[in-house]
Amino acid sequence: MKTIKKLLLPSVITSLASLLLPINAPAADNKIHHLYEENCASCHGSDLGGFIAPGLNADTLKGRSTTSLRTLIMAGSFDTLMPPFYGRLADDDIRGLISYLKATPKQPNPTWTIDDIKASVKVYVKDESTLPSKPIYQLDDINNIIGVAARGKYGRGEGSKAVFINSVTHKIIGEIPTGTAAHIIDYDPANPRWAYVKNDTAEIFKIDLYSMQIVRSVKTGFNGPGLGVSRDGKYIMAGSYVPHNAVILDANTLEPLKTFELEGIDPDGKQVSSDSGMIIGTPFADIFAIALENAGQVWVVDLKEGFPVTRIENVGRHLHDAFLSHGGSKLMVASYEDSIVTAIDLKERKIIKKLEAGCVPHVGGGSVVEVDGRTLGFGTNFGDCDKMVVSVWDLDKMEVVKQVPVSGGTESPAAHANAPYVAVDIISKDRRARTVQLIDKKSLDVVKTLDVGGHAYFPEYSADGKFLYISAGYNGDEVVVYDSNSLEKVASIAMESPAGIFSHGRVRYMTRGLSPDELAKRDGDKGAK
Amino acid sequence: MNRSVLLCALTLGLMSVNPVNAAVIFAGKEKAMAVCSHCHGIVTPSADAPFPSLAGRDFNYLKSALAQYRDKTRKSDLMNAIAGSLTDNDISNIAAYYAGLKTK
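Going down the list, the protein sequences come from chains A and B. First residue of the first sequence? That's 1 in this note's numbering, and the numbers climb one at a time after it. First residue of the second sequence? That's 1001 in this note's numbering, and the numbers climb one at a time after it.
One thing to keep in mind: the hints can contain errors.
Subject to a maximum C-alpha distance of 25 Å in a straight line, what follows is the list of computed SDA-like cross-link-like pairs (lysine to any residue) [what the hints assert, rightly or not]:
id : chain 1 : residue 1 : chain 2 : residue 2
1  : A       : 353       : A       : 283
2  : B       : 1031      : A       : 494
3  : A       : 31        : B       : 1050
Please keep in mind that the hints were generated in silico from the structure rather than gathered at the bench. All values derive from a computational prediction rather than experimental measurement.
Excised from the complex, chain A in its bound form (with noise of 0.2 Å):
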């Protein structure tokens, strides 16, 4: 039976991509692109441009041994997701793949349009009202559910699912399948049985948490993490890297409003098209905030009739990720390539300061922390070089309060307002990619570093504060779990390559290491819903 799915499945899903098959290659090339599509192009990139990996063009591949290239394909990498494909490609097909790639230069960006979307949308459930009021398993809170994006070993297949977790037992409570490797988790602020899952092929799932199904889901474009939902769970807003596009769904009907291309000048002075990076909804107004990473500009989208743009140039060179402040007022964005993060007014649409940040600050969502009366931002910052630090700030004063040192890069720091730790994630590729260090809020310095095993990323508080959640990400193949207080080992959940963690906490606290109560005052303050 498994066989007759293995050589059926291929050749359906073949003459699916060609017609959806972006690019005009050659006849003879349609073979083996129908591969790199169905092997490759969620990770390196329907243009072969790269994406989560690097791209494979005559560009790139230039000097490459096709012997290495090879070896590379078939055994895989093990300091990288890169899975071995022998038994899984023939030899002619992996060879093929090579001189074709080899030969090939990266593809123009292809389009997806608003009727593409369209057209796209699935209805899994019609009716909505049939649903259950609620949960259909036991759960006290819903806040104690917490998503992980599991990745599945090939980026694709059984493996690829958003796995729901009850942070009280550690139990699993549900399981969606996303056909390619689930990305990112976001929840509804406003009505907590839905979840919006986004795939490393830019599909989005619309789940029903109460059920543990997909209701709806739509296709924003080839790839591209960015995911936000509005503060009122009426609107979600997509943003692709390829191509460069960005769409405004209605949440309910997951049906698109308006798309956005995504261009302008960046902070060099060229015009330029460019990749979306973050996208957030903020508690504090009705609006999107998009970072264009290559125009260096983030925009500011108002969710009203025409859905208008306010453009903030300037920003910095390759922007990426981002976290909120003060209520959602601040947003604080990750430059790479000039090494800082720059505080955005949200209400003044403007630019406050830019911080200095470690080398390739990679903030992964962020953290906040109230101490001592101060506001404290934690950024991440993932390169590989000399001064490898995690960056603090204090966010009243717009000012660098300390770099703390760690042993490697870093890509996400989780921190919750009960817990006496901000954990960081160290991804240096060698022995340190086991390990996640443990900052002390109060003294700012390593206190503790775990061995999780595998390479282990993507920490996250249980919204309780009580346990901390890492995934062992690939060749772990399990998510651990850690008393936040003891550091004991409590738990551990087994599924293929786990990479993001999230906790439907976050909505509560907007971002991690916020107290709930903090963002209620704040808002009160403010006026905010």
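Chain B: place on chain A using the hints.
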């Protein structure tokens, strides 16, 4: 000879003939993570992978198979290359680690 001494001697005797105890499971896990897990998983291989599961397999079988792959008496492009650098100790340790895993 009293009972406890006898028991002690028996236990020691048992331990010395039990091959798994000669191997170090923790060292085996380290090595498995670095060498084997990319294909075979640290517990089980990917649901989508063509690679066999090693968890709970017979210790002696795993050991002899690995040694054959290393010595190229059993042919496999991939396994001959992967196992080529393993020492006898590595092989015992890896075999002990996977053999000791419980299968669901």
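* Asked: Which of the numbered hints are not met once you compare them with the structure shown?
  -> none
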